[in-house]
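**Q** For reference, the chains in residue letters:
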Amino acid sequence: MTVAGLTAVAACRLAQGELTGNDARFFVLEGGAWAGAEASLIGAAGGLALAGKIPLVNLLSSAALIRACEQVRLDLCYHRANAKLFATSEGSIEDLAVARSLPNLTVIAPADATAAYQATLAAGAHSGPVYIRLAGLAQNTTPQVYGADFQFKIGQGIVLRDGSDLTLVAAGRVVAEALAAAELLRRDGIDARVIDLHTLKPIDRALLKQAAEETGLILTIEEHPVRGGLGGAVAEVLGDEYPVPMRILGISDTCREPGGTLEERLRFFGLDAPGIAASARQALEEQAA
Amino acid sequence: MGERLEILEKMADTLRHHIVRMAFDSGAHVGGSMSVVEILTVLYFDGVLRIDPAQPKMEGRDFLIFSKGHASAALYGALAERGFFSVDELASYKNMGSRLAGHPAKSIPGVELATGSLGHGLAVGNGVALAGKHDGRDNRVFVVMGDGECQEGVVWEAAMAAAHYRLDNLVAIVDRNGVQEDGPTETIMALEPFAGKWRAFNWEVREVDGHDVEALSAALHAVPFAPGKPSLLVARTVKGKGLSFAENTHTWHYGKLNAEQRTQALAELAASRAAQDRS
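Protein chains in written order, with the numbering used here: chain A, 1 to 289; chain B, 1001 to 1279.
Calculated directly from the structure, the hints in this document are not laboratory data.
Possibly wrong hints are sitting among the right ones.
Calculated pairs, SDA-like style, for lysine to any residue (alpha carbon to alpha carbon, straight line, at most 25 Å) [claimed, not checked]: (1) Lys-1010(B) with Gly-1047(B); (2) Lys-1229(B) with Val-28(A); (3) Lys-1133(B) with Gly-52(A); (4) Lys-201(A) with Val-9(A); (5) Lys-1197(B) with Ala-35(A); (6) Lys-1197(B) with Gly-36(A); (7) Lys-1057(B) with Gly-36(A); (8) Lys-1133(B) with Lys-1010(B); (9) Lys-1106(B) with His-79(A).
Partial chain A-side listing against chain B, Cβ under 10 Å, derived [what the hints assert, rightly or not]: (10) Glu-38; (11) Ile-42; (12) Gly-47; (13) Ala-49; (14) Pro-55; (15) Leu-74; (16) Tyr-78; (17) His-79; (18) Arg-80; (19) Phe-150; (20) Gln-151; (21) Ile-154; (22) Gly-155; (23) Ile-158; (24) Arg-161.
Simulated DEER-style distance windows between Cβ atoms [unchecked claim]: (25) Pro-1109(B) with Ile-154(A): 56 to 62 Å; (26) Glu-18(A) with Lys-1256(B): 54 to 60 Å; (27) Asp-1052(B) with Thr-20(A): 27 to 33 Å.
Virtual Cβ for every residue (Gly too), placed ideally from N, Cα, C.
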């Protein structure tokens, strides 16, 4: 199945259509139809799951997870409800920290439309609640990180590029930026490994430990506050397994919204390729000093 | 009085004894447990719920979602007497390691939804009812709610959705005892006109005396109250019903009976049984 030319949200809906077409247990709940009444929407998803359905819930935005957090926690996570949540646009950027803290919830941030399509099918085949963050990928058909032959496996990170000087670990839309940053660094003679850590929970501990052992410096990149998201998740693993110097690139502790396009915002927060490359050079210099 | 009603009233008395025992041993939400006794009695022991205690997850069963989970002492008594687990197990209420926690856990046979955090039940009931409609089943979902939790926004979101999706396989029963944790509902955050609010949300509403098993039975055997609409039964009850010192007061919303209070409680329950027997 090709998703060329589709946004990640459209690719996700395509996969949802395949799931519902093949199995009557799947049941799409549209957040738009529930008018943003997310507490009631998530509760209904819990009830559908109790009755044996597999609700596919298209949340208007990642803010829905925050608004209905207690319903997600009790009605879905506690009951291991077989419900899948899709954040189809940006709302609250803190969603990954919240999602990651909830027991039994699988948390995925795909890198592009192909990954979103595959992740949706994988979520459908997985038993238990899943949160998929499509924020940041919602409006644009680019970038494309993966080809049509891409195979997605929940919990298994992907080494997109090997390297030995440092490792860039990214999730979501900024995976493409991390790849581009590695190319910029190569021109400076810096050999960066790039990992797409699309599943924040359960996290790929072995891949992270190996990267720490072999490259000795980790930069994480996320469209999320620097506390509690991908960087926090990686730090928790490396603190246990193999502590090495780390830098967490993300959004500082702010509610300030700079406006502009997604690309402009990435540049503003230093999460575009040049910003990531600059942080990588600085971290290497500090390590050498 | 007919034999069937007599059996139901005896069961209500039995459930009240269980609540007194649990409230003496471990402490319990006495007020809301005592007020919901007849509602649970009619649901479980008058053939309303199509369930099988031997197969708690039986295909096609009716669902009971007990949204006012804090009144677990009443629910557990009913589940045990109905045969979901042994009556002896009630003695372990709230003990370390017991599955009979203060708020119902999903591991307890007969408990469909873990509750305790208020306001969740009706929305989840919508989901069960939607699934039933989608799959063309004829099973129903009954949601037992407290009145205090109807101050929460999610209840009205769910009320709107239930009417919008024409969920006439959904029945909500509100234990309208008029008293919440901190005082009378009408002083804390007024709910009246309560039935009128639900009617305005396009529910079909009936009101009964929530301690009159005959009236409850007639209403709950008559659902749906209107085709194409969700049903609401406002059961007007007395908080702490049966214990004079706990009636109509928030001070026994939760409490632990001491020996003297237990003696008084048992004497009062015995007296009201004797009065029923004479009638």
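**Q** Under the criterion of a CB-CB separation shorter than 10 Å, is Leu-74(A) in contact with chain B as hinted?
**A** holds (6 Å)
**Q** Mind checking the alpha carbons of Lys-1057(B) and Gly-36(A) for me, to see if they're no more than 25 Å apart?
**A** violated (32 Å)
**Q** Straight-line Cα separation of Lys-1197(B) and Gly-36(A) no greater than 25 Å?
**A** holds (21 Å)
**Q** Is the hint on Ala-49(A) kept, meaning its closest Cβ partner in chain B is under 10 Å away?
**A** holds (7 Å)
**Q** At a threshold of 10 Å, is the proposed contact between Gly-155(A) and chain B supported by beta-carbon distances?
**A** Because about 25 Å separates Gly-155(A) from the closest Cβ in chain B, which is outside the 10 Å limit, the hint is violated.
**Q** Is it true that the CA of Lys-1010(B) sits at most 25 Å from the CA of Gly-1047(B)?
**A** OK: Lys-1010(B) and Gly-1047(B) at ~16 Å, within 25 Å.
**Q** So, as I understand it, the hint says His-79(A) touches chain B; can you test that by seeing if any CB pair is closer than 10 Å?
**A** holds (6 Å)
**Q** Report holds or violated for the interface hint on Gly-47(A), using the least CB-CB distance to chain B and a cut-off of 10 Å.
**A** Cβ of Gly-47(A) sits 2 Å from chain B, so the hint holds.
**Q** Does 54 to 60 Å hold as the CB distance between Glu-18(A) and Lys-1256(B), or does it fail?
**A** Given about 56 Å between the Cβ atoms, the range holds.
**Q** Tell me if Ile-158(A) is really an interface residue toward chain B, meaning its C-beta lies closer than 10 Å to one of theirs.
**A** Cβ of Ile-158(A) sits 35 Å from chain B, so the hint is violated.
**Q** Hey, does the Ile-154(A) contact hint survive, CB to chain B under 10 Å?
**A** Not OK, violated: Ile-154(A) not within 10 Å of chain B, min 24 Å.
**Q** With a cut-off of 10 Å on the beta carbons, see whether Gln-151(A) makes it to chain B.
**A** Result: violated, 32 Å to nearest chain B Cβ.
The structure fails to meet hints 7, 8, 19, 20, 21, 22, 23, 24, 25 from the earlier list, while all remaining hints are met.
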